[in-house]
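Asks: So the protein lines, in turn, are chains V and A. Residues 1 to 203 in the numbering used here are what the first sequence lists, from first letter to last. Residues 1001 to 1467 in the numbering used here are what the second sequence lists, from first letter to last.
Be aware that a few hints might be false.
[Stated by the list, open to error] Here are the simulated DSS-like cross-link-like pairs (lysine-lysine), alpha carbons at most 27 Å apart as the crow flies:
hint	chain 1	residue 1	chain 2	residue 2
1	V	LYS181	A	LYS1161
2	V	LYS21	A	LYS1203
3	A	LYS1167	V	LYS21
Keep in mind the hints are simulated off the structure, nothing from the lab.
Each chain, written out:
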Amino acid sequence: MSRLNEANTLLAKEIIGRYPKARSATIPLLHLSQQQNGHITNDAIAHIAELVGATSAEVLGTCTFYEMFKMEPVGKYLVNICGTMSCQLLGADELMHHAEHSLGVKAGGTTADGMFTLEHAECQAACTEAPNMQVNYRHCHRMTTEKFDQLIDDLRAGRLDGDIPQHGTLARVRQVIPAEKAAGVALPDVPVEPAWMADGGKS
Amino acid sequence: MSSYPWAAGYIDDGDRPKIVTSRFQHDDGFTLDRYHATGGYQGLRAALGRTPAEVHEEVKKATVLGRGGAGFPAGTKWGLMPAGKFPRYLVVNGDESEPGTYKDRLLMERDPHQLIEGCLIAAYAAGLSQVFLYIRGEMPLAHERVATALNEAYAAGYIGKHILGSKFSVDIVLHWGAGAYVVGEETALIESLEGKRGEPRLKPPFFPAAIGLYGQPTIVNNVETLSNLPWIAVNGAAAFTAIGTETSPGTRMVAVSGHVNRPGVYEIINGTTTFRDLLYGEEFCQGIRNGNELKAFVPGGGSAPWFTPEQLDLPFEGRQVGAAGSMLGSGAIMVMDHTTDIPKAALTLTHFYAAESCGQCTPCREGGTWLERVLQRVVDGRGSRADLDQLLEIGESICPGSFPHASSTTLGLAATPFPYKMTTICFVGPSAYAPVHSALTLFREEFEAKIVERKHIPVTVGAPEHE
Ligand SMILES: Cc1cc2nc3c(=O)[nH]c(=O)nc-3n(C[C@H](O)[C@H](O)[C@H](O)COP(=O)(O)O)c2cc1C
Ligand code: SF4
Ligand code: FES
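Take the sequences, apply the hints, and build the full model.
Replies: Printed below as a string of structure tokens:
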């Protein structure tokens, strides 16, 4: 039972419609599926393959290439500690050590209550604010062990529910292209010169 | 609003011209209202009042060097598409993930309309029929801000059918990644956008401008590159080239991280600002932390060969930095003070590139893993002198010939200029080697010290120690 539900299938079709080729929607649909189920299942892969007109093997091949897609359930919160250069120079190892100790799991593990999965992550595009971490990909800058403990307390107590949705929900705002406003997809096999380029392109 | 500090790090100090960060002073710089109140979409209007060819020419004259890493001028790149072949696409590279790099996320979170306007100007000038804005998956706030801005811009008639009542019609589709560094490489980005694994394509012979998305001519441009276009459309190429130098006009966003007093993202004047200005200047990083000594710095993202204090007076200018043995890359400087464990720092970077290999090329897949393993052994104090030679041998198999490095008077080294030869499809393989090569060339004694220490470790547990 982890095919996309009815509402998400509709959304999936709308997303597919934005691309000249349906298969381009593979990653967005995998995200949609992860948002629905928390992780990616074989049924979901098969359903997405049907929707984008690819084989399950092709969708699975794409899925496993990308780190954000989890084939097994993970905690409600994914705690990703950056260990790349800028963060490592400013205490990433100590932060990871503290996190492992304080959550009682090693990097890669999930706490027994299913709340947190701890991961070693790579550069999070926040290097000047090192050391960094993300919770469900929301940035937390200039971390200290005290801030880490506070953050975990806040998450456990639900005080950050408004800021950080549970794992799987990537963005809470979606693009909507109103049908009456859309310029339409540019199909690769329809070789038309854009209207504004014809006649020397005078608008 | 949020209790956690999203997109912090931008520092506005000193009296320098601002091209891409002018709205960062406003907390609501990402809204359409603020954008309108600060000259927003005037560049698009100005562009629509001219022919696409005229706008293209203006961008060419401005010489906007690509801000994604390779530094190729945007206007020239647009001109490389085969004439008469349609449709053509624009793919916006918002996959920012090169170690040390932090600017595109700021631009997307804090001024998404500027990026959208830049996309529209590029599409208009180069005749691009559809735009795909590819945002790194691990940036949900950027995603939300850009999605909101796109929705606003559609409603206001800036995107879609008959933009502002003209013949110009284009859709901008927000697309998102799912975590893979190599996807930032432009051909891998295209593969990924086609729904496939993000494996780089062999180029040459076919660059995306000729054969790109769905086999059609495709322009891939970086977020910062495109964010410059609205300003150029309003103020003209001459005003742009009046800032910076002839070879490096305009400004650049640079992230300085690591052991400095005031790490941050600064919009600097291109071509003239020196590394010394950046690391020690009052307007910038204000020196090394705790009054420590500077040991080394990476001038252009994790892939770049390292510099030492001897290179501090070089300006932020591609040719001079290339001649001195490195590159400006993605505008990311990582600073190491004298307390830094150099072999360990090199290992951190090598680990990154080894882990991010897509696995297509043997020298990258195997070589990267071996570099990491051997280096790990050395860092753990279990390495031998032969390991150090082996690191260089593995490197040779990825990058045959002499690898770029900086000059050093104390070591009697003359700089070997950037770039290098390589046996791999893309730069991920060589990037795994660059930190090892720099560290070993410039700080060999630190590696040897780790090997000397090994003598004191008993080799066999339980065996009697003989004096
Ligand atoms: C391994 C690798 C990773 C890259 N990552 C990025 C990236 O995250 N963002 C980016 O804009 N360019 C990245 N590039 C450079 C792109 O291939 C391409 O040159 C750039 O997006 C072109 O845009 P520009 O001309 O506007 O700079 C990367 C290149 C390589 C080889
Ligand atoms: S160099 Fe590495 S990452 Fe690049 S294509 Fe080859 S194997 Fe893939
Ligand atoms: S190195 Fe940690 S965010 Fe870039």
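Asks: Now look at each hint and say whether the structure bears it out.
Replies: Now the hints, each set against the structure:
1. For the suggested pair V:LYS181 and A:LYS1161, the alpha carbons sit about 6 Å apart, so the restraint of at most 27 Å is met.
2. A C-alpha spacing of about 23 Å is found between V:LYS21 and A:LYS1203, which places the hinted pair at or below 27 Å, so the restraint holds.
3. For the hint pairing A:LYS1167 with V:LYS21, the CA-to-CA distance comes to about 25 Å; that is within 27 Å, so the pair holds.
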